[in-house]
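Residue numbers (the numbering used here), protein chains in the order written: chain A, 1 to 258; chain B, 1001 to 1290; chain C, 2001 to 2325.
Simulated from the structure, these hints should not be mistaken for laboratory data.
Watch out, some of these pointers could steer you wrong.
Straight-line C-alpha distance at most 25 Å; calculated SDA-like pairs for lysine to any residue [claimed, not checked]:
1) Lys1119(B) with Pro2293(C)
2) Lys1119(B) with Ile2254(C)
3) Lys1119(B) with Pro2294(C)
4) Lys1119(B) with Ala2292(C)
5) Lys200(A) with Gln228(A)
6) Lys200(A) with Phe98(A)
7) Lys1119(B) with Asp1060(B)
8) Lys1119(B) with Pro2146(C)
9) Lys2170(C) with Leu2279(C)
10) Lys1119(B) with Ala2296(C)
11) Lys1119(B) with Gln2297(C)
12) Lys200(A) with Ala129(A)
13) Lys1119(B) with Glu2295(C)
14) Lys2170(C) with Val2028(C)
On a predicted model such as this, the values are computed, not experimentally measured, just so you know.
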Amino acid sequence: MSEVLLSVEGLGVQIGGLTAIADMSFTVPPAEVVSLIGPNGAGKTTAFNVITGYMRPTRGRILFEGRPIAGLAPERIAARGLVRSFQRTSVFAGCTVFENALMALHLRGRAGLLDALLPFLRARREEAALRAEAAELLDLVGLADRADLPAEALAYGEQRRLGIAMAAAAHPRLLLLDEPAAGLNPSETAECMALIRCLKERGMTVLLVEHDMAMVMRLSDRIVVLNQGRIIASGPPAAIRQDPEVIRAYLGAAHAAA
Amino acid sequence: MDQALQHLVNGTVLGGTYALLGIGLTLVFGVMRVVNFTHGELYAFGAYMTYAAVSLLGLDFYLSLALATLLGMALGAAIEFLLLRPMRRADIDSTMLVMIGAALVLQNGEMWAWGGVAKLIPNPFPGTPLVVGPVSVLPLRLFVLVVSIALLLGFWLLLDRTRIGMAMRATFQDPETAALMGVRINWVNSATFAIGSGLAAAAGALLGPVFMVSPTMGDLVGLKAFAIVILGGLGSLPGATIGGFALGFVEEFAGGFVSTEYRDAFGFLLIILILALKPQGLVPAKERIG
Amino acid sequence: MSTLLGWGFVAALAALPLLFPDPYLLAVLTSAGIFIIGAISLNLLLGYTGQLSLGHVAFFGLGAYASALATLGFDIAIGFGWRLVVAPQPVWLGFLAAIVVAGGFGWLLGRLAFRVRGAYFVIITVCFAQVLRMVALNWVELTQGPMALISIPPFSLWWPGEGWIALYRKDQNYWLVLAVAVLAFLLVRQVVRSRIGRALVALRANEPLARSVGIRVTHYLVVAAVISAGIAGAAGSLFAHYVRIVDPDVFLFIYTVTMVIMVVTGGKGTLWGPVVGGLVFGLMPDLLRGTAPPEAQWIIYGTAMILFVMFLPRGIVPALVRRPS
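With the hints as extra help, turn the sequences into a complete structure.
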């Protein structure tokens, strides 16, 4: 295993002539929580979309476990062990919570067309195992008693938790969470933090985009700060808190000058 | 060479009416996000109304053309009011299904009203072709081309110079912003669908006297209108105009030089190839993810 | 609907020719049954993947032509002075050919059309069927064009003690169609309830999310298209050997619309939806016969489509069954 799980090298992204990301390089070591922060429009969501295959980079390299993944389709990247969560649209609407969990376990199954048509021992065993795993997953995020509800009937905070659980379902080695605490109240945010810690203990590396600074400071091993498509600082939380350029970016140039 | 020149002239005549059809469909798709399966039926409706006015009521030929176009607009406005307005919040697939249902009703309504026998519309033009050098063209076809181009110009003026035209252009480009800017969407939609339908009915009224009028005449034409719209890059009005002429030429030349039998198939093959092989150039940018 | 109720329904249908051996009734049900098989296959695409495929009749027509041509044999020029000659084959081989040819074109269309979504996908599928109709009309050497393929042999089956028997009788064809319909239903049910079906529903519900958990979009959509096309091809083969004449009109858009109406009114994305919708709209033409002109039937179909989409968009079956399946 290399020292670096994910490495982003000289990434640049242009959308319709506008520069979303100018030049970005950072690495995510295994078994850490790394946060990507920055003001709105800094390029965080774009970075997520590019790393997970939803957008193509204009230039630069993205290596996951030493192999290039830039330009691969999202499903191929997921199969390699890098899965993301979404800010919005985080569940399969019209399906029950349990079905959502089962769908998220797609990569844990192998069954193909032949197994579907002739569901003998192997296919049945796999299906039973997947169902057990789905139940366990819902247990983990405290949604076991909601299993039969339609996913869209869940409370907002519960939907967010289900979204994270689904991203983590197939035991990815790197989990990308896109603003998991957005719109949550303080107690839900605390639950969310506990969940992320729990996933880290299970051996998942986490790359986090989040606006809630308190949460970022307490969870992260390392923080990468973006502003206008460029990295302006990176390091452990204590160092970031002191960094003058970060303060300027967040509080505004005028404020810093005064 | 002479043959090519003749094809060029025929393609232009055909292309003018195709452009009318294509523009109507593109306008409706661009402004309302509706794939209008009734377009071909409105074309047939225009032809039948011309027939009714000329042959049954004994009206003047030119007056009949205008009347058919106006009736087409009225029918379009009715369809918009009854079917599309309640479906405005529905997804594009549901709207398509409703429009397919409406097309079925219209086509069979026409069949019921007029019977299956094709009708001939009498016209005041002489049946001897005008011959200019190596090229010959029937006066009626020349008239069709002139009126098509006049309608195209009129449409562009309407879009460019009038308030409703401006509102339509704004909605075409960005419906949400247009609504925020105070564009009355219901009014724009009614006008759009009525104008789109009027153009289709006008094309039918013009081509009705050239060919025959039959209840299924809208089938192929409806599909061809899709071809035109896609040739021009779905959602572009100048594109649809060019696409109309392009399909006219493709059919004329491919029909003349490659295979007469497959004349009508070329347009559809072209659509499949364009959409399947180069969709990224035609499909609008996807929504932001996340 | 419970499994028991389902098998009871099948048993009742199977017993029907013994209780009411009315040839007209059986003929009506057989035609309806062939369309129901088509609707069952369309439902896999329309209902479960959520892709509005409006070229479905292409696969039905391909199946009909493939089966008819295989059993009649043909002799065509394939360029460079070469000829492709196929001697008449047994009907079961024609049936297989229908499934393979339709499935193959399902793969091809899937590969091409699933690069795009929404209106673009719909237009490609419509045009695909239209191109095939034009080929059927104009490739006279192979298809006889508008003159139609005639004298297609009836279906034949191997029966213990009897050997090969040709199915001329109405009740025999009825049972054959019923058997294929049950097989098609079970096939779709198995697919839908498997990991594949789950992936399809996930793609329908939320494509970006489905991809993020590793579901290969194109792969699963193409798998669904191939299965769906194969079943439609089988229905086309049944049609060819039952009606025993095939002309280019099997590719008409109106037949796709008929299947779409069956699926939409019955309930897309439900196993029983196409069966219920198929029975209603498969039997309606014959209920109307004699009392209304043929145009009235299509006007009713069109109106039904409009009313269902506007007022009961999920269809009859979900409205009857409390919990959606």
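Results of checking the hints against the structure:
A hinted pair counts as satisfied when its Cα atoms are at most 25 Å apart, and Lys1119(B) with Pro2293(C) qualifies at roughly 20 Å. For the hint pairing Lys1119(B) with Ile2254(C), the CA-to-CA distance comes to about 23 Å; that is within 25 Å, so the pair holds. Between Lys1119(B) and Pro2294(C) the alpha-carbon distance is near 20 Å, which keeps this suggested pair within the 25 Å criterion. Restraint check for Lys1119(B) and Ala2292(C): the C-alpha separation of about 24 Å stays at or below 25 Å, so the hint holds.
In summary, the hint linking Lys200(A) to Gln228(A) is not supported, as the alpha carbons are separated by about 30 Å, beyond the 25 Å threshold. For a cut-off of 25 Å, the pair hint linking Lys200(A) to Phe98(A) stands: about 23 Å separates their Cα positions. Only pairs whose Cα atoms come within 25 Å are accepted, and Lys1119(B) paired with Asp1060(B) is accepted, the gap being roughly 18 Å. A distance of roughly 23 Å separates the Cα atoms of Lys1119(B) and Pro2146(C); the hinted pair therefore holds under the 25 Å criterion.
This hinted pair checks out: Lys2170(C) and Leu2279(C) have alpha carbons roughly 18 Å apart, not beyond 25 Å. A hinted pair counts as satisfied when its Cα atoms are at most 25 Å apart, and Lys1119(B) with Ala2296(C) qualifies at roughly 22 Å. A C-alpha spacing of about 24 Å is found between Lys1119(B) and Gln2297(C), which places the hinted pair at or below 25 Å, so the restraint holds. A hinted pair counts as satisfied when its Cα atoms are at most 25 Å apart, and Lys200(A) with Ala129(A) qualifies at roughly 24 Å.
Only pairs whose Cα atoms come within 25 Å are accepted, and Lys1119(B) paired with Glu2295(C) is accepted, the gap being roughly 18 Å. Between Lys2170(C) and Val2028(C), the direct Cα distance comes to roughly 10 Å. Compliance with the 25 Å bound is thereby established for this hinted pair.
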